[in-house]
Amino acid sequence: MSNDEIILTPEGLRSLELELEELKTVKRKELASRIKTAISYGDLKENSEYHSAKEEQGFMETRVLTIERMLKKARVVTNLDTSKVQVGSIVVLNDVEFAEKIEYKVVGSSEANVNENKISYESPLGASLMGKSVGDTISVNAPMGVITYELLEIRV
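Following the numbering used here, the numbering of the sequence shown begins with 1 at its first residue and continues without gaps.
Don't read these hints as lab results, they were simulated from the structure.
Treat the hints with care, since some could be wrong.
[Stated by the list, open to error] Calculated lysine to aspartate or glutamate pairs in the DMTMM-like style (CA-CA distance at most 25 angstroms, straight line):
#: 1; residue 1: 24; residue 2: 46
#: 2; residue 1: 105; residue 2: 153
#: 3; residue 1: 105; residue 2: 17
#: 4; residue 1: 54; residue 2: 5
#: 5; residue 1: 27; residue 2: 49
#: 6; residue 1: 24; residue 2: 43
#: 7; residue 1: 73; residue 2: 153
#: 8; residue 1: 73; residue 2: 17
#: 9; residue 1: 29; residue 2: 55
#: 10; residue 1: 132; residue 2: 5
#: 11; residue 1: 84; residue 2: 17
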């Protein structure tokens, strides 16, 4: 995989497209209105509403540019199968030490979200899972030591 390309699942691509659309249409209009209202208050040097809105506008425009660059470099994973773990796979693991089942979706780094059990294929666990098959044992170095998992299931 090229260092320049951004690996996305179809859901990740759609999420970025929706966020970009929201920023360009709704958020830009909201901020323009806030700035216009703040300007009407007069003296811009000490106008905290104006400075706050302009700062937020700067962050938003940076995010728009970031998403646009990501979309230009995006490679969407398709044609998934369940014989080997790849980006887009949903895996069910058994933590060997604690006999706990854990489910993760392996995604590109821009989609990773621990709260949603989405792990990057570049993370220690994600990298260890890539190319593995059901029944394989995976060992991952973690701050608290080596964690061993058994790969129980691969879904798409």
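Against the structure, the hints come out as follows:
{"no.": "1", "hint": "24 x 46", "verdict": "28 angstroms, violated"}
{"no.": "2", "hint": "105 x 153", "verdict": "12 angstroms, holds"}
{"no.": "3", "hint": "105 x 17", "verdict": "20 angstroms, holds"}
{"no.": "4", "hint": "54 x 5", "verdict": "32 angstroms, violated"}
{"no.": "5", "hint": "27 x 49", "verdict": "16 angstroms, holds"}
{"no.": "6", "hint": "24 x 43", "verdict": "28 angstroms, violated"}
{"no.": "7", "hint": "73 x 153", "verdict": "31 angstroms, violated"}
{"no.": "8", "hint": "73 x 17", "verdict": "13 angstroms, holds"}
{"no.": "9", "hint": "29 x 55", "verdict": "15 angstroms, holds"}
{"no.": "10", "hint": "132 x 5", "verdict": "23 angstroms, holds"}
{"no.": "11", "hint": "84 x 17", "verdict": "29 angstroms, violated"}
The structure fails hints 1, 4, 6, 7 and 11 (numbered hints given earlier, in ascending order).
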